[in-house]
Amino acid sequence: MASAPENEKNASAPEKKTLTLKSMINNEEFVVDEHVALQSVTIKNMVDSDCAGDVIPVPTISGEILALVIEYCKNHANPSASEDDLKKADAGIVAKDIYTLIDLVLAANFLDIKGLLEVTSQKIADSIKDLPHQDVREIFGVENDYTPEEEAAVRAEHDWAFEGFP
Amino acid sequence: MADANLLPEEIILEILKRLPAKSLLRFRCVCKSWSSLITSPNFIISCINRNNTSQNNTYILLRIYSETHKKEIYTLHCDNPTIDLHTHLDFPFTSFNPYFRIVGSCNGLICLADTLYTHKNDIVLWNPSIRKFLSLPEPSIRYDKAWVFMSVLGFGFDSRKNDYKVVRIAGDGSKIVPPRVEVYELGSGAWRVIDAVVPPYEMHHCWLQTNLNGIVHWLAFNPCQMGGFQSLIVAFDASDEVFREIMLPPSLGSENLLNLSLTVYGDSLALCHYSQGTQHRRACSIWVMKEYGVATWFEIFTIDLQQGVGLALRFLKNGEVVLATGEGELVSYNPNERQVKSLGIFGSSHPLILHTGSFYVDTYVESLVLLDSLRL
Chain W
1 MASAPENEKN ASAPEKKTLT LKSMINNEEF VVDEHVALQS VTIKNMVDSD CAGDVIPVPT
61 ISGEILALVI EYCKNHANPS ASEDDLKKAD AGIVAKDIYT LIDLVLAANF LDIKGLLEVT
121 SQKIADSIKD LPHQDVREIF GVENDYTPEE EAAVRAEHDW AFEGFP
Chain Y
1001 MADANLLPEE IILEILKRLP AKSLLRFRCV CKSWSSLITS PNFIISCINR NNTSQNNTYI
1061 LLRIYSETHK KEIYTLHCDN PTIDLHTHLD FPFTSFNPYF RIVGSCNGLI CLADTLYTHK
1121 NDIVLWNPSI RKFLSLPEPS IRYDKAWVFM SVLGFGFDSR KNDYKVVRIA GDGSKIVPPR
1181 VEVYELGSGA WRVIDAVVPP YEMHHCWLQT NLNGIVHWLA FNPCQMGGFQ SLIVAFDASD
1241 EVFREIMLPP SLGSENLLNL SLTVYGDSLA LCHYSQGTQH RRACSIWVMK EYGVATWFEI
1301 FTIDLQQGVG LALRFLKNGE VVLATGEGEL VSYNPNERQV KSLGIFGSSH PLILHTGSFY
1361 VDTYVESLVL LDSLRL
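Listed in order, the protein sequences are those of chains W and Y. Those letters in the first sequence? Residues 1 to 166, by the numbering used here. Those letters in the second sequence? Residues 1001 to 1376, by the numbering used here.
Chain Y with its partners taken away, still in its complex shape (with noise of 0.2 Å):
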């Protein structure tokens, strides 16, 4: 009956933005102009602006090692109470450490780093969905002398250009000499050293950071600061490639750094602070810069639990909080019930790893980035 032939290409790329990646991946095969329209960068950003927007479409990302199989595990889960299992993702790489870093995730795109106790300089960007990834090249800023140099990653995203940027700051070490910085463009696949000026702090390379909206965010604290902590939280904004600082909240800005971390709340940057709780447990409480930028803090609720908490990982979409306990277990806690429910999912016991340090949990879009860059 239908016509079909004469769909007019606004109404092909209605329906094909709204297909899964694996789908997109066979339907270049349908014909050259599909194809070419499935792998342009507009048609990819198209489907990750559909995919941030539409509530059915995010999922949570989580990286678990497994002591029995001796690797790392990526599954992505539905972000629902009981973080069903949606997809089991396959995991292409093997490291020098037990598992690998993870840098920071965005738009379907994770980055990955092998930097830790090697002098190789191993990152990687890899897309599970589409599973292309790439390896960068090595960085231009180099101390070859020292086991003491220190090197600080993130992953943002530069909204004007359209481009994932990897920022590495590299020191010697020495405090005498300031940091440089250099930065990775997917877009022209190298690095170019910068001008930025890194705020005199001390960005651990072992810290996680936490991505929001493209903006890369590491705890720090000031080394020169005498009798107690002085703590803060750098930001590096990928589009302008500037560093700025954030206060933390009055109450916490001499906690050590050991007490806090951060993540997201809805489209707030959230701190997490953990202190004695009852029965001399760890309890979490949860702080949220509800205005990005004004450092107005608000602490919204402390999270006491009988395990006490070891990290808190990632707010669902329910509000409910993903995190592990202080004796490894990944569970949701729901802060209006206060109730937690049992994920079934353990942590590394293994003696090199922290017990919730090999969890990550990150919310994540499907996309085709990688798609079109690597045909380059």
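For reference, chain W alone in the conformation it holds in the complex (with noise of 0.2 Å):
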């Protein structure tokens, strides 16, 4: 019975603590709920250390990414969404050219947030499955550093899975 008016107290007047990310790549800010925010480990790192100040600083993420990082951490934190909404809110979010779901990975990795990290990393390996191995190469930026005999030994070693690819 002692219990239940706590209870009630914490449900009527909820703590409702907000961070401030800021972008340093265009200084864009946004206001988040704490429990939002807490699902990228990184920040919840500097949280529970005290460095975070009133403002958050996040170097390397550009506003429109952050916008989607935190879309994504708003549906997750969501107690009533359901699997499904939640695999369609998903696909929603990495619906997007292949230059922006690597900004999006890469920002998915430096704040720790596993789920966003994975989805992201399968619409990527999607998007680049059925593509030629000189266009993945451009679209990660790798140099290139077989002499042409090099590639094509290896090329030889499973010619048919080249079949149809340049």
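Accuracy of the hints is not assured; some may be wrong.
As the list claims (entries may be wrong) - Under the rule of at most 30 Å between Cα atoms (straight-line distance), these lysine-lysine pairs were calculated in the DSSO-like manner:
(1) Y/K1017 <-> W/K129
(2) Y/K1317 <-> W/K88
(3) Y/K1161 <-> W/K114
(4) Y/K1032 <-> W/K114
(5) Y/K1017 <-> W/K87
(6) Y/K1022 <-> W/K96
(7) W/K96 <-> Y/K1017
(8) W/K87 <-> Y/K1161
(9) W/K44 <-> Y/K1017
(10) Y/K1022 <-> W/K88
(11) W/K114 <-> Y/K1317
(12) W/K88 <-> Y/K1017
(13) W/K87 <-> Y/K1022
(14) W/K87 <-> W/K16
(15) W/K129 <-> Y/K1317
(16) W/K16 <-> W/K74
(17) W/K129 <-> Y/K1022
Since the hints were made in silico from the structure, they are not lab data.
Need the complex rebuilt from these two chains, each delivered in its own frame; the hints are there to steer you.
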């Protein structure tokens, strides 16, 4: 019995703390409920160790990408969202071009948000799986360190996998 | 926009392990570091772990013997109620027998043997996802004299050493000299005779093994038992390299092995018991060992069809069973609705082949196994 009023009190006056995340690329600021932002392990560690001021600066992540990250965190902080709802919402968030997805996966990695990292990695994998390796090289900005002879030799090991590819 | 060249290796890894095997083979050409990542044993095992846990990456492997083409046909199907065709697998071997015996499959690697009615010991490990195979060297235990020698094969996975093992039990068939055991390890590429004591039971070389968590299971019987059968399961743990015995449900302990088969139900070992159903057709009861090693079996349902049940082959993800009917057709059976769905696939009517004999159905995940070991 003694705990009932306590519960009521919590329910009627929830402590709603907010955090401000600031993109250091274009100085855009986002005010977010703390429990939403804490899905980022990086932010959680900062808050836990009292390193977080009123405004948390987020380096290397643009406002556009940060908005996507926050949308993801909001969806997943909603306790009434069903698994199906979340799947649909996730699919919406990652329905982007490959370069946005790469920025997003970098952000998910930096902020340490496991679910977002997985869903974005999967989308990138789905988008590149049928591309020629030359395109993949370009998308990922990877320098080709093979000599033409070396590349041909690796290719010859699995010639059949290149059928229909340049 | 993205300065993607700065993608850390852990992200590259996250992305690559989600790609199909065929894409990965092509992406070896992206650069040298991608190639060494893709062919590294750690990467290969992390792809397998991912595919085994992810719901969408398991397939059904089907082998049938085609009467028209006089050859065996391997296909991958989606693990859905209609087992829709996914890919035709390119089969690169020819056999002495009408078709290979599939010893077992594990993590995308299939062990095939063509040792029946022949003194050759053709055993092959085949990874169809990357179209690579490895012919095993001649086994070391040999009995040159006899046609009657017995040789039982099993294919398992040593999860501790992360290695694939073929176990061979060979005897002269005399029952005077106990059979000996040797193990082929993919990692070392050689056969090695081991000291493991084979339980004194007979495992027929034709009977299929069932692989669960890397452990090989055979049905066996005690030949010394007078007046009826004493049947049981013999298991070989590929990690410990020891044999164990698993008792059948008490009511089936004296059943003829021709009326029994093994399969896997979810993560459990399952026993199929065939008996006469209504309309004098063969019916099949499914028993499940819910807790592995604790030989307490639960009968979960009975399949009693108008066409009869030839052989219960494999459970699908949704709980339906793929089985061969008494008429040799492949169907899926829904135990809740007791509905049969024809899959439009028929077995061989070859006189040397049982109706059901050429069917092989197993769950399958793509993998890159053999991609690294071939560079030895």
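Structure-based check of all given hints:
About 11 Å separates the Cα atoms of Y/K1017 and W/K129, which keeps this hinted pair within 30 Å; it holds. Proposed proximity of Y/K1317 and W/K88 is supported: the alpha carbons are some 23 Å apart, at most 30 Å. Under the criterion of a C-alpha separation no larger than 30 Å, the hint pairing Y/K1161 with W/K114 is consistent with the structure, at around 29 Å. A C-alpha spacing of about 28 Å is found between Y/K1032 and W/K114, which places the hinted pair at or below 30 Å, so the restraint holds.
A hinted pair counts as satisfied when its Cα atoms are at most 30 Å apart, and Y/K1017 with W/K87 qualifies at roughly 21 Å. Between Y/K1022 and W/K96 the alpha-carbon distance is near 25 Å, which keeps this suggested pair within the 30 Å criterion. Taking the CA atoms of W/K96 and Y/K1017, the gap is about 21 Å. The hint holds against a cut of 30 Å. Restraint check for W/K87 and Y/K1161: the C-alpha separation of about 37 Å exceeds 30 Å, so the hint is violated.
Distance restraint check for W/K44 and Y/K1017: the Cα-Cα separation of roughly 28 Å lies within the 30 Å cut-off, and the hinted pair is therefore satisfied. As the CA atoms of Y/K1022 and W/K88 are separated by approximately 28 Å, the hinted pair is consistent with the 30 Å bound. For the suggested pair W/K114 and Y/K1317, the alpha carbons sit about 27 Å apart, so the restraint of at most 30 Å is met. Our distance criterion of 30 Å between C-alpha atoms is met by W/K88 and Y/K1017, whose separation comes to about 23 Å.
Straight-line distance between C-alpha atoms of W/K87 and Y/K1022 comes to about 27 Å, which keeps the hinted pair within the 30 Å bound. Between W/K87 and W/K16 the alpha-carbon distance is near 27 Å, which keeps this suggested pair within the 30 Å criterion. The hinted pair formed by W/K129 and Y/K1317 meets the criterion: a straight-line CA distance of about 26 Å does not exceed 30 Å. Only pairs whose Cα atoms come within 30 Å are accepted, and W/K16 paired with W/K74 is accepted, the gap being roughly 14 Å.
Distance restraint check for W/K129 and Y/K1022: the Cα-Cα separation of roughly 9 Å lies within the 30 Å cut-off, and the hinted pair is therefore satisfied.
Violated hint for the displayed structure: number 8, the only one.
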